Amino acid sequence: MKVLLIFLFSFFIICISGQRNREAEDSARIILRQKFFYEENGKFGVKDSLDKKLTNATFDNIDFFDENLFVVEKNSLFGVINHLGKTIVPAQYKSVKNSKSNFANANANTKEKLEKYLKDVIFSYTNEDLYDEQYGIYSKNGKLLYPPIIHRFSEIKEYKNIVYFIVIEYPKTEGFSGKYNENTLKVSQNRLVKFENNQFSAQSIKVDYDDLGFLPIKNILFYKEGFKGGFYNMETEQKTERKYKHYRVFNNKIYAAKENFYNYILDENFNETISKDSISNIANGYIYLKEGVNFRLMKNGMKSKFSYPLIESVSHYYDYGNYSKNENYENYLSQLFKFHPSKGKYGLIDFNGNIFVEPKYEIINVYPLRKYVEESYDEKMEDYYKKNHLDYLIIPGGFFGPEGAYFKEFKIINSVGKEIVYLDEKNYNTYVTDNNFGRYSKKGITKDFFYSSSNLQNGFFVYDIRNQKIVLASDKGYFSLRKNFGFVRRFYDEKKQENTVTYYSNKLNKLYEEKTAIKEYDEIERSVIKSKAIYFFNNNKVGLIDFEEKEVLPAKYDNIKIVNFHYYNNYYRSEEDLITSFIVTKNGKVGLLNDVYKKVIPLEYDEIKYLSNPYFEAYLVKKNNKYGLVSKNNLLLVPIIYENEIFFDSERKRFDIKNEYKTVFMLDYRQSHKNSWYNVYNDNNSYIITKGVITKVDK
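Just remember that my numbering sits 1 ahead of the position in the sequence shown, which is counted from 1.
Because the hints were derived from the structure by calculation, they are not lab data. Among these hints, one or two may not hold up.
Unchecked claim - List time: in silico DMTMM-like cross-link candidates among lysine to aspartate or glutamate, alpha-carbon distance up to 25 Å:
id : residue 1 : residue 2
1  : Lys75     : Asp52
2  : Lys141    : Glu238
3  : Lys623    : Glu608
4  : Lys448    : Glu359
5  : Lys508    : Asp384
6  : Lys291    : Glu313
7  : Lys511    : Asp449
8  : Lys470    : Glu420
9  : Lys562    : Glu549
10 : Lys87     : Glu113
11 : Lys219    : Glu159
12 : Lys101    : Glu116
13 : Lys508    : Glu420
14 : Lys161    : Glu197
15 : Lys75     : Glu41
16 : Lys610    : Glu549
17 : Lys562    : Glu514
18 : Lys387    : Glu359
19 : Lys101    : Glu197
20 : Lys387    : Asp465
21 : Lys511    : Glu499
22 : Lys259    : Glu273
23 : Lys225    : Glu273
Since we're looking at a predicted model, the values are computed, not measured.
Build out the structure end to end from the sequences listed, making use of the hints.
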């Protein structure tokens, strides 16, 4: 009872403490308001620290805005005044914001740049609607830098310590009565603006633009009005005529098109030469040439030996959100080209003329199938995929849609152009469903097998690449590659309330099957899923076999339990920080083997139980009906003297005795930077922890 009262009192104190913190914050704010603001007849004004009134009490509300600045409200409109009472932004706007709040929803790169360059300004809104928002910009000393016609900042470019913005403007200025230098800016829809010394100024282009865009060449801009545009040097204000429809940038040169071909080549000074070749496109470092009715490729001045009626870049395959941008993938796609000798039937070819896919398909997709493997894929397998030419796969003849897959037949061609998977129309119709092959499915591949499986227990099939046939299929459960090789099949039977997990070797031979009752939070023993080896049985004894079907531990034990310890590495966890151990039982005695199957705790205990905690591998041991605590390297941490079991209290981060309010082991830093620990309770010994193993250090 006494302990309970102490607990309740402590809990009450914690609650009161939290409440007091909030009350302290509110109290501090009230004190600050009383220091700077005063109230008369329901209106507010600003005063100094000596209670001298700096403004009349004419505002409906005043609050803190930024350093030495206050936001004021009057007739539901807002403005800004400083701590001396001077008007910085007149109270005639629907909202005022600082840089941080104004760009809160911008993408990370743009946000960082905008906040960097526009950190000392105030944004005054006449319209806050998302699609019609409109605002102006004031300096913090009260100067109008930009009238309230800005809709948004489109692009940013810095050159020689000068910042250039492309601003989309809305010319409506209803409700705005301020004055500004009309020679500085001219109302337009898109505008190039220079920002220097905290001042905005328009560049001397005398037209209103339909389109503006920065080129990746120094300080050059493309401006366009109607169907034609030109180029403008933002530093020298030199510009070309508006005579170009399109442009490409390649090797620091501008390839411009007046009509269909990019034949006009301009350098940084706009000196123009005309190419003798008809350049139809430039993409990924290749120039596409039109020669009569055919197209040819050119790279580094060298032309391809082939030409066809159509040659174009391979399109990216996004698969409705499953595709993630990968630089290696982009580079691979840039080396392949879609072509057809006769209209409507396409193939794939590289610059050297190697044909990867014969030109007989209406649809061709290329994408990294390994991205879909998730559970099994990691960087260690990168070499495996490349070695077996599985890093990028070509799938012709159909596509994966949002609701299903659309193929008549299915084939996969590897990254050197070899066909490795083929399902004719009959097999496709027999085995493939929207569930096991469509949007909500997972696909994976090894050098021997390809599989496609439902994510929702609606079936799967496995294709044998060597024998070119489907060798395993079901309309129940799901199938996947394991992290440490091999395969696993899972099925949850709701009627029987039974969970079945089947493990297969890399050769797809069945190694082990486990049936357990379905548990709400722990449907399967996670340690088995991550282990590099699995159980096998011989003469009523159990051993371990890996997924290459190699026996790694003879079948000589009565029982084996696989344990995974996931330790912290510099405050983070990764798959590399996972260590496997094995609790083994023989002739009624229990011990522990490490991840290379060597005995680390002798077979002398009546029971060993793994105690999960984030610090080190800890094991509860039982001997002669007494309990203690040992580490993986058989270091006795708590004497084997207790009647009740020891458990790890995850809330309090300590090892306690069950049914007793007693802590027997709790680590704390002695010297955190030296990885030196000590037991808080009844122990002056020091310890170090390395990859989950705790070691005692002699003084």
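Are there hints from earlier that the structure breaks, and if so, what are their numbers?
2, 10, 16
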